[in-house]
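Protein sequences, first through last, are from chains A and B. When we follow our numbering, the leftmost residue of the first sequence carries the number 6, and every step to the right adds one. When we follow our numbering, the leftmost residue of the second sequence carries the number 6, and every step to the right adds one.
These are computed hints drawn from the structure, not numbers from a lab. Computed from a predicted model, the values in this text were never measured in an experiment. Here a beta-carbon is modelled for each residue, glycine too, at the ideal position from N, C-alpha and C. You may find that some hints are simply not true.
Claimed, not checked - Below 20 Å or equal to it, Euclidean Cα-Cα: the simulated EDC-like pairs (lysine to aspartate or glutamate) are:
1. B/Lys11 - A/Glu98
2. B/Lys487 - B/Asp326
3. A/Lys11 - B/Glu98
4. B/Lys95 - B/Glu34
5. A/Lys11 - A/Glu89
6. B/Lys95 - B/Glu147
What the hints assert, rightly or not - So these bits of chain B aren't anywhere near chain A, every CB distance computed over 12 Å:
7. Asp32
8. Met37
9. Pro38
10. Ala46
11. Ser102
12. Arg221
13. Glu246
14. Asp372
15. Phe385
There are 2 protein chains.
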Amino acid sequence: MTTFEKVMAHARRTQALSQVMGRLGWDQETMMPRGAAGQRAEEMAAMEAVLHARRSDPRLGEWLALAQAPDAAGQAQLRLIRREHERTIKVPERLASALARAASLSQGAWAEARARDDVAMFLPHLREMLALRREEAAAIAEGGDPYDALLDDYEPGITGAEVAKLFDALRPRLRALRDRVLGASTPAPLRGEFDPDTQLALARDLARRFGYDFARGRLDLAVHPFSSGGGADARITTRIERSDPFNCLYSTIHETGHATYEQGVDPAHALTPVGQGVSMGVHESQSRILENQLGRSRPFTGWLFSAMREAFGPLSTPDADAFHAAVNRVQPGFIRTESDELHYNLHIMLRFDLERDMIAGRLAPEDLEDAWNHRFEADFGVAVDRPAHGMLQDVHWSIGLFGYFPTYALGNVYAGCLDAALSADTPGLEASLEQGDPSPATAWLRWNVQRHGGLYEPRVLIESATGAAVGEGPLLDYLERKFTALYDL
Amino acid sequence: MTTFEKVMAHARRTQALSQVMGRLGWDQETMMPRGAAGQRAEEMAAMEAVLHARRSDPRLGEWLALAQAPDAAGQAQLRLIRREHERTIKVPERLASALARAASLSQGAWAEARARDDVAMFLPHLREMLALRREEAAAIAEGGDPYDALLDDYEPGITGAEVAKLFDALRPRLRALRDRVLGASTPAPLRGEFDPDTQLALARDLARRFGYDFARGRLDLAVHPFSSGGGADARITTRIERSDPFNCLYSTIHETGHATYEQGVDPAHALTPVGQGVSMGVHESQSRILENQLGRSRPFTGWLFSAMREAFGPLSTPDADAFHAAVNRVQPGFIRTESDELHYNLHIMLRFDLERDMIAGRLAPEDLEDAWNHRFEADFGVAVDRPAHGMLQDVHWSIGLFGYFPTYALGNVYAGCLDAALSADTPGLEASLEQGDPSPATAWLRWNVQRHGGLYEPRVLIESATGAAVGEGPLLDYLERKFTALYDL
């Protein structure tokens with residue numbers, strides 16, 4: 006065995022164990038009995054300790070110092086393995102283990118607190134998660150910006166300052182468009198009651214249409230939809246509301262975007278660091294482009310209108326145009342995951358600023374509710390009516406995901422760039438979408454983005470797929486084009 | 006930290022990881038997408054390597070040499086940890102890992118082979134599993150009997166020769182009783198079609214009645230019912246046949262016996278070696294006594310007759326006596342898991358002899374089908390009609406479980422001993438069972454057996470619960486009493 010092969014054998018096994026963690030997380034959200042939360046926390050902590058020990062293994066450090074990659078893919082593997090090793094050896098095993106245990110318990114507390122609208126119940130957990138993550142960030146940053154250290158784990162190669170600059174460029178045109186849209190008359194929503202089993206059957210059909218391979222995944226229900234795992238076992242979840250089928254259907258398309266990314270990576274890289282999505286931002290670009298640029302397009306909603314009439318009988322929207330308007334209805338709502346395309350990034354910017362303040366120590370958890378509510382009213386013009394509609398709505402902070410939120414908006418920006426390029430490359434796309442067939446687009450994404458896995462850094466990947474620099478322009482152009490037409494502005 | 010505390014901290018984490026393996030196994034049988042089998046094999050092998058490394062950890066060996074237990078429970082912990090450590094260091098990590106990977110792949114192949122009745126498809130896997138297990142057994146036995154080395158993992162403290170002696174004592178009276186029963190007229194079976202959802206609802210109700218805590222477990226469907234996990238997460242599975250509701254209902258009661266054993270261990274021992282069932286034989290005694298001595302008793306089937314009429318409408322059995330006879334119908338069938346109480350142990354004795362021969366190298370996998378079919382016809386008077394009804398029916402050998410089968414019959418023997426003692430101790434039991442309430446019996450089992458977990462060696466545990474030496478007598482007395490009455494002999 007060469008030193009490089011030793012590194013890869015080690016990495017493969019680490020990757021397999023990391024997939025096991027993914028299974029546990031999936032199980033916890035879909036199948037686990039309620040009374041098992043405490044024991045599961047111990048199981049997760051034990052797994053985390055194993056992973057931490059592997060990633061920080063001194064033998065791995067020695068091999069990495071000597072290993073010679075035989076090719077470009079090998080170089081990418083070494084780059085990813087080195088980055089993880091270097092991050093990990095800065096975090097004491099005690100801290101890594103405490104984080105895993107605290108996250109598991111905190112997530113349960115968050116779910117209960119959200120159900121009861123009880124901020125006080127969640128605060129001790131938020132306080133602990135924040136303290137642990139700040140400690141971790143400081144250890145990794147080594148004097149640098151702690152927030153950047155966290156962000157780098159989800160979106161390698163971008164800083165908080167760069168994100169802030171991008172958001173500053175995005176905000177004015179986005180708000181101006183949003184304000185114009187809200188000044189116009191609001192289209193009617195889709196009304197009615199929609200049978201849950203029929204929703205789920207249609208969701209399965211949509212997942213298949215958008216390229217999901219059920220032989221290497223499954224669809225279940227969860228409180229907060231997510232995708233989990235990779236390679237030959239990439240699972241998705243959705244949720245069902247009787248009165249709002251779009252919640253189920255578009256959550257499913259969204260998670261299908263994540264899961265097809267994982268399923269689409271070249272199997273030659275299976276169970277290696279390169280064999281998975283390269284960053285959370287690029288991941289989100291795959292889910293958002295399926296959900297929005299493709300799934301909420303006029304051609305595709307035209308097909309979906311027929312499919313839903315077939316599944317549910319007559320709809321409250323009289324024709325395909327009214328249906329399309331209902332799908333793309335803009336309204337300042339409380340909930341990020343149910344938000345329209347114009348408000349979504351405003352939700353993210355709010356969270357980005359608040360979590361940066363928390364990590365910097367400028368905002369204490371006990372002041373978060375006030376800060377959230379104040380900022381929300383300023384940005385959305387509506388007062389938060391209950392914590393479940395405010396700071397308790399997202400799972401992220403409960404499990405320590407600080408630095409993660411901006412990747413959602415980055416994903417939207419990348420999706421804008423990719424959509425411009427793939428539309429130019431794929432002349433027959435509209436006609437195909439009208440038939441309910443997004444495969445020309447999903448094939449383009451698989452070829453230009455997904456199959457590469459972690460071979461290239463995020464922005465390099467997007468720029469080589471699109472042939473242009475990453476920027477907010479294409480997203481804003483797309484949104485202005487779409488909503489100007491839709492709202493007759 | 007004392008050395009003892011170090012050992013225990015190490016053991017707790019190992020136990021947590023071993024629970025994770027349980028979750029993966031459960032997932033594989035209930036939820037996993039088909040295309041994930043290869044990747045799952047890698048995941049299991051990686052976990053197995055981690056567990057192997059922990060169990061054979063040289064630091065653990067050093068601590069074990071020095072550790073002083075503070076009390077009797079601590080002594081039991083050390084005894085169990087030492088046994089596991091000593092077994093593990095004899096097995097090279099390469100072999101442990103190969104076993105896990107091979108088992109995972111082999112299980113999938115077995116399931117497909119069984120579905121297709123294709124022995125040839127399964128043979129290469131059986132050959133590999135047998136070779137790997139023989140290698141392992143030889144390493145552990147160190148010149149002793151390899152079969153004993155395997156058996157000792159499932160039923161510590163008993164040898165193949167002791168089992169053979171017990172079976173020799175059991176066989177004549179059992180066969181004589183069986184022959185007398187088959188000479189009498191056979192009662193009518195329960196006929197009809199039984200709605201699957203209603204079967205499952207009744208199965209849930211039965212699990213609860215027999216003490217299963219759904220807050221710390223769940224019930225799903227699987228091809229071959231099993232229970233999995235322990236402590237706060239002990240899951241069970243069942244299967245449903247439209248034309249045979251007893252399959253679902255009694256499988257559920259059976260697995261409830263296993264799972265309530267795990268749920269019934271004193272929580273003070275949670276996630277430690279003592280905190281789980283002590284052996285497969287004692288485990289089986291808990292499942293069999295619930296299923297047979299309690300669940301198939303005249304008082305309980307009287308209640309079940311009413312419950313099933315309420316759930317399904319009129320039954321083909323006209324009254325509670327006919328229903329009881331149908332539940333306890335004796336017939337030489339092909340399938341062990343569907344077998345009646347008289348034939349069950351004959352199924353086990355067949356497998357015990359064949360697998361002992363395979364481990365000893367006296368029987369090659371390619372000769373197994375002939376050997377099975379020949380022996381089956383001799384014991385049961387019927388020729389095996391297809392491999393799925395013969396050597397392909399059980400999952401065990403596909404995953405390397407050689408030495409496991411005899412624990413089923415040991416469980417029946419223990420159940421006989423426990424039933425005699427608890428019946429004498431619990432005067433109101435029959436009246437309670439007539440009301441569909443087995444709780445006086447399950448409470449007795451929890452107090453006298455289950456709560457102790459691994460504190461005592463299997464036979465010590467049974468003998469202290471019953472106040473008598475373990476032997477085949479009580480089981481045979483019970484069977485003769487029951488079937489003499491039932492068949493009017």
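Going down the list of hints, with the structure as the test:
At roughly 17 Å between alpha-carbon atoms, B/Lys11 and A/Glu98 fall within 20 Å of each other, so this suggested pair holds. Proximity of B/Lys487 to B/Asp326 is assessed by CA-CA distance (about 13 Å); at most 20 Å being required, the pair is judged to hold. For the hint linking A/Lys11 to B/Glu98, the alpha-carbon distance of about 17 Å falls within 20 Å, and the restraint holds. The hinted pair formed by B/Lys95 and B/Glu34 fails the criterion: a straight-line CA distance of about 30 Å is larger than 20 Å.
Straight-line distance between C-alpha atoms of A/Lys11 and A/Glu89 comes to about 16 Å, which keeps the hinted pair within the 20 Å bound. Between the alpha carbons of B/Lys95 and B/Glu147 the distance comes to roughly 9 Å, so the proposed pair stays at or under 20 Å and holds. At the 12 Å boundary, the C-beta of B/Asp32 falls inside the reach of chain A, the nearest C-beta of that chain being 6 Å off. Its beta-carbon lying about 7 Å from the closest one in chain A, B/Met37 breaks the requirement of being farther than 12 Å from that chain.
With a closest Cβ-Cβ approach of about 5 Å to chain A, B/Pro38 is found to fall inside the 12 Å limit, against its non-interface label. At roughly 9 Å, the least C-beta separation between B/Ala46 and chain A is not larger than 12 Å, which violates its mark as non-interface. The Cβ of B/Ser102 sits about 9 Å from the closest Cβ of chain A, inside the 12 Å cut-off, so the non-interface label is violated. Remark: the non-interface label on B/Arg221 conflicts with the geometry, its nearest Cβ contact in chain A lying 4 Å away (cut-off 12 Å).
Listed as a non-interface residue, B/Glu246 keeps its Cβ farther than 12 Å from every Cβ of chain A; the least gap is roughly 24 Å. Distance check on B/Asp372: its Cβ is at least 36 Å (rounded) from any Cβ of chain A, clearing the 12 Å threshold; non-interface status holds. At roughly 40 Å from the closest C-beta of chain A, the C-beta of B/Phe385 stays outside 12 Å, upholding its exclusion from the interface.
When the structure is compared with the earlier hints, violations turn up for hints 4, 7, 8, 9, 10, 11 and 12 and for no others.
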